[in-house]
Amino acid sequence: MSSNNVNECKSLWNGIISISAKDESPKGLTEMCNHPKRRAPPKCKPMKSCAKPRRKAACAKATRPKVKCAPSQKCSKQGPVTNNAYLNFVRFFRKKHCDLKPQELIAEAAKAWAELPEHRKDRYRRMACKVTTSERHKRRRICK
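The sequence shown begins at 7 in my numbering and counts up by one.
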């Protein structure tokens with residue numbers, strides 16, 4: 007350690023910083039007693055407007071309570087119109103009986119389909135005729 011570095015260390019410890027441009031320390035070492043330099047933390051990317059901050063502020067601003075809407079019923083998706091009249095009936099039955107579990111829904115739909123008169127079933131059969139590609143299905147009485 008050179009005498010210049012020793013003098014610099016003493017002046018730093020006394021609270022007086024006097025570093026001259028000509029007395030540079032070796033690479034990788036700081037001005038203070040030849041300690042290795044610490045790398046600066048990498049700069050963070052600017053946060054996007056939709057990103058959430060990593061930490062919550064110590065004194066958060068008071069927020070208004072959010073008005074919550076009544077929970078809407080979540081029904082399963084109806085699914086496409088099929089070439090099966092019963093499944094087309096189940097699509098509409100599911101709309102009316104959204105609160106039932108899937109097994110209960112199918113059991114109730116089967117009972118309702120069995121009790122449904124033929125002229126009411128024809129509506130769902132006609133829907134099936136429109137989407138079918140089978141010539142055999144299109145030859146049905148209801149499809150003509």
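Be aware that one or more of the hints could be misleading.
[Claimed, not checked] Quick list of the computed label-pair ranges, beta carbon to beta carbon:
id: 1; residue 1: C135; residue 2: T69; range: 52 to 60 Å
id: 2; residue 1: H125; residue 2: T88; range: 48 to 56 Å
id: 3; residue 1: N90; residue 2: E121; range: 32 to 40 Å
id: 4; residue 1: A116; residue 2: R61; range: 51 to 59 Å
In case anyone wonders, no lab produced these hints; they're calculated from the structure. From the three backbone atoms N, C-alpha and C, an ideal C-beta is built for every residue, glycine too.
Now for the hints, and whether the structure bears them out:
1. C135 to T69: 52 to 60 Å: Given about 57 Å between the Cβ atoms, the range holds.
2. H125 to T88: 48 to 56 Å: 21 Å, violated
3. N90 to E121: 32 to 40 Å: 19 Å, violated
4. A116 to R61: 51 to 59 Å: 56 Å, holds
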